[in-house]
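S.K.: Produce the complete structure using the sequences and hints provided.
Residue numbers (the working numbering), protein chains in the order written: chain C, 8 to 479; chain Y, 8 to 479.
Calculated directly from the structure, the hints in this document are not laboratory data. Mixed in with the good hints, there may be bad ones.
Which copy is meant is left open, because identical chains are indistinguishable; a pair holds if it fits in one copy or across any two.
Calculated cross-link-like contacts (lysine to aspartate or glutamate; reagent style DMTMM-like; alpha-carbon spacing at most 20 Å) [claimed, not checked]:
1. K180 to D399
2. K320 to E27
3. K433 to D312
4. K407 to E466
5. K470 to E386
6. K401 to D232
7. K358 to D333
8. K121 to E428
9. K473 to E398
Single-letter residue listing:
There are 2 protein chains.
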Amino acid sequence: MSVKSVLRDVLRKLTPTESERQDMQLQVKKIIDVLTTGLKKSFSDFEVQVEGSIAKDTWLSNNREIDIFILLPLETPRKLLKDVINAVKQVISVPWVERYAEHPFLEFSINEYKVEVVPCFKVRNLKKLKSAVDRTPFHTQYVKTHLTPQLRDDVRLLKGFTNGIGVYGAELKVGGFSGYLCELLILAYNGFLNLLQEAASWKHGHIIDIKTHYKNAYELRKLFDSPLIVVDPVDNSRNVASALTLKNLSIFIAAAGEFFRTPHLHFFFPPTTPMLSISEVLSKMNSRGTHFLFLAFPAPSVVSDILWGQLYKSVSALRTLLESNDFQVFRTDMWTDEQTLVVMIFELEHKTIPYVTKRSGPPVTLPQHTTNFTSKYIENENTLSGPYIDEDGKWIVETKRSFTKAEDLLAKNLFSNDLEEIGLGKYVAMEMPSAKIYMDTEIESLLNENQVFLDFFIEYLIKTPKWLMKSS
Amino acid sequence: MSVKSVLRDVLRKLTPTESERQDMQLQVKKIIDVLTTGLKKSFSDFEVQVEGSIAKDTWLSNNREIDIFILLPLETPRKLLKDVINAVKQVISVPWVERYAEHPFLEFSINEYKVEVVPCFKVRNLKKLKSAVDRTPFHTQYVKTHLTPQLRDDVRLLKGFTNGIGVYGAELKVGGFSGYLCELLILAYNGFLNLLQEAASWKHGHIIDIKTHYKNAYELRKLFDSPLIVVDPVDNSRNVASALTLKNLSIFIAAAGEFFRTPHLHFFFPPTTPMLSISEVLSKMNSRGTHFLFLAFPAPSVVSDILWGQLYKSVSALRTLLESNDFQVFRTDMWTDEQTLVVMIFELEHKTIPYVTKRSGPPVTLPQHTTNFTSKYIENENTLSGPYIDEDGKWIVETKRSFTKAEDLLAKNLFSNDLEEIGLGKYVAMEMPSAKIYMDTEIESLLNENQVFLDFFIEYLIKTPKWLMKSS
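M.R.: Set out below in structure tokens:
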């Protein structure tokens with residue numbers, strides 16, 4: 008396929024239809040009306056308005072997310088936010104979930120639309136921000152002013168592309184491109200194809216400063232230590248791409264290059280994961296010759312960003328625990344449905360490590376240390392060989408290890424020690440009493456029970472990005 | 008025991024008895040007479056004299072080695088050495104072995120004495136040395152002139168001490184202290200105890216310059232890059248301690264310190280290796296949890312220094328081969344009786360390593376390299392997972408290994424490849440067709456057959472220096 012025909016097909020799928028638009032507008036108007044009428048009973052000074060991709064007309068077909076902001080006067084006391092939220096709860100006649108990030112917001116569903124209601128302060132000057140969400144109306148305004156109708160299609164292409172290659176979304180789970188970042192990139196490069204062509208030769212640390220807020224790259228890099236730096240045109244103290252990880256930026260760069268070599272719908276609409284039978288999966292595992300330690304436990308019930316933050320931190324802490332006890336970790340990964348289950352994967356180089364281990368002592372040229380070391384280890388029941396002097400003139404002793412199996416090390420630490428000291432997140436630590444370790448093919452039962460985890464694990468084994476695969 | 012009583016006991020054992028001395032003098036005189044008379048038939052201008060520890064009266068009781076030098080005029084053509092050697096062969100009426108280091112010399116035994124006859128040139132000025140052995144008469148002269156009778160005992164103590172802790176001898180096999188080095192150290196520190204007390208706090212790179220040939224340490228270290236620098240008082244271009252390895256210097260430093268803490272005869276006369284049954288040895292091996300690869304082959308028949316040089320080089324090359332193929336080597340060692348058999352020991356962390364291995368590719372920011380890498384590994388039969396992009400923005404592919412067992416890797420390389428390319432010594436390489444690999448307890452047969460190797464292997468497992476062990 009040619010680039011042109013791919014993009015034409017993609018746009019046809021991504022652009023909302025006329026009836027979709029009408030339905031969306033109706034919904035938004037209804038919600039605004041209901042909230043405005045309801046809130047007027049208790050509050051005099053406020054505005055209800057739609058934000059996000061709906062307001063900017065950069066939303067994708069089949070997207071059913073509506074962001075409603077309630078703007079309050081700057082002088083409103085912070086504690087009044089709670090009252091606003093409570094008033095909204097009274098007004099809507101559907102079940103809701105109250106969440107709290109930096110401040111409270113409300114989520115509910117109406118007619119298959121997921122609605123988020125966020126109270127914020129109406130600030131004049133972004134230097135005097137009262138809350139992080141106060142910036143959003145400025146973003147909406149900036150994009151509405153600068154984005155031509157033609158470029159809205161290009162934003163849809165970019166959102167579709169980043170989504171298709173798995174790097175859309177600034178939330179911690181993804182660490183990718185936010186919608187606003189996509190809009191700014193399209194503005195900065197005046198179109199999707201132009202952006203993609205340039206991005207294919209970006210370096211790590213690339214800088215985009217649309218309004219040339221900064222004189223030089225040195226100044227900017229001192230301020231923002233990120234793989235990609237995109238200065239917010241409405242607030243030059245902020246890097247819009249700060250959530251983007253080096254890995255995801257790299258995927259974007261590589262996929263951009265690959266798209267021109269092999270234009271394909273897969274970049275936007277990845278094929279489903281190949282269906283492998285459980286026995287095929289187990290045989291693929293075995294054929295690697297490594298050893299899998301799976302740590303499964305109930306998902307802590309905290310908001311997504313907190314959950315993923317703690318999981319990343321915990322996986323990394325456990326990897327460090329394993330490695331500092333000489334268990335070499337080949338690869339590690341982690342899965343959760345965010346509701347019921349977390350599974351961490353530690354793929355180990357070896358099933359067991361030797362009982363004997365070397366401990367380095369002082370050089371012989373430190374006589375006092377020498378005496379301490381030799382008298383400690385000579386005729387010690389844990390000493391297997393030595394102490395002796397090595398080629399470098401250093402004392403060495405070969406002693407017994409406490410753990411020769413990774414599962415024993417983890418079991419000992421997870422089910423008895425101070426888990427936060429090891430570096431586990433607080434909420435993850437709380438689930439450890441219910442954790443279960445599966446070694447290698449013991450995971451069969453879980454793969455059988457959980458199709459989503461099975462798909463994830465098949466992807467783990469294949470590991471090639473879908474956009475890179477040839478065929479179909 | 009007190010230091011004093013230990014040294015008294017040691018000296019009693021190390022000092023030749025009066026009857027030993029008389030017998031030795033008789034032997035030396037006989038040999039000199041026979042050689043002088045015999046050589047006079049063919050040569051007019053030469054001197055026959057005894058060198059080494061006999062000449063300097065620093066030899067140890069039970070030592071039966073006699074060094075005889077034949078000094079030829081400086082203008083003698085080098086090829087005449089051969090004629091001198093041949094004339095000696097005619098004169099003596101016993102079997103001999105001709106050896107060749109820098110130039111030829113002759114070895115034979117008479118009445119339990121091992122005699123070495125070395126032709127050399129009689130130089131006036133050591134700057135105009137014709138052969139390395141020409142220096143020896145100068146060394147003899149220097150020591151005879153400076154060493155008081157009292158200090159001769161101290162030399163004996165030092166030789167006994169270095170011998171007891173396993174660091175006596177400048178030959179490649181040992182890499183330790185030569186007799187001349189012992190003599191100079193006693194001269195420099197005016198006695199054994201004083202030397203030992205000082206040596207206990209030596210640093211690596213210690214400098215001894217008896218005649219203060221050099222102004223500063225910087226100048227000296229630029230010239231001699233050795234763990235211990237002892238400037239030869241008769242030839243300031245030479246470091247007498249150049250053969251001493253860092254490990255052996257370190258053993259000397261540590262043992263010196265330990266001697267004052269726990270004076271004991273063991274430093275001079277180490278106890279025999281503990282007797283372990285074969286099954287005890289095998290169980291000690293097993294309990295380490297490591298895996299032993301033994302490579303056994305016939306000892307190449309070359310002189311000791313060549314043999315050991317090639318063996319050290321070869322063990323190190325094979326270790327590198329193993330490690331560069333991801334086999335982690337825990338410890339390595341090597342044994343030979345110099346006549347029939349060599350056994351190299353590679354103690355490995357793991358019996359097998361995973362089939363899967365990671366290969367790093369280019370960063371995504373090099374688009375041309377990216378394409379080469381991905382097109383090479385995608386849909387390649389050796390690819391197990393990927394290519395994929397890692398956290399650092401680099402391409403990675405997981406491929407199949409050629410060797411998951413160290414013995415397969417060695418077998419493939421030793422029995423088919425260009426062995427000198429791997430880094431094996433030439434003479435070692437020639438024996439590889441007859442090499443045999445034993446894994447772990449397969450070594451039982453060899454341990455059963457060869458008591459000397461068994462003792463060596465018990466020492467390998469225990470590894471503690473005997474002088475460090477408590478108890479008598």
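S.K.: Now tell me if each hint is right for this structure.
M.R.: Consistency of the hints with the structure:
1. K180 to D399: The answer is between: 18 Å across copies meets 20 Å, while 47 Å in one copy does not.
2. K320 to E27: Cα proximity of K320 and E27: none, with 41 Å in one copy and 77 Å across.
3. K433 to D312: within (14 Å within a copy, 64 Å between copies)
4. K407 to E466: between (39 Å within a copy, 19 Å between copies)
5. K470 to E386: between (51 Å within a copy, 13 Å between copies)
6. K401 to D232: Classified as between: cross-chain Cα gap 19 Å, same-chain 41 Å, threshold 20 Å.
7. K358 to D333: Both: 12 Å inside a chain and 16 Å across chains, each within 20 Å.
8. K121 to E428: Neither: 39 Å inside a copy, 68 Å across copies.
9. K473 to E398: between (51 Å within a copy, 18 Å between copies)
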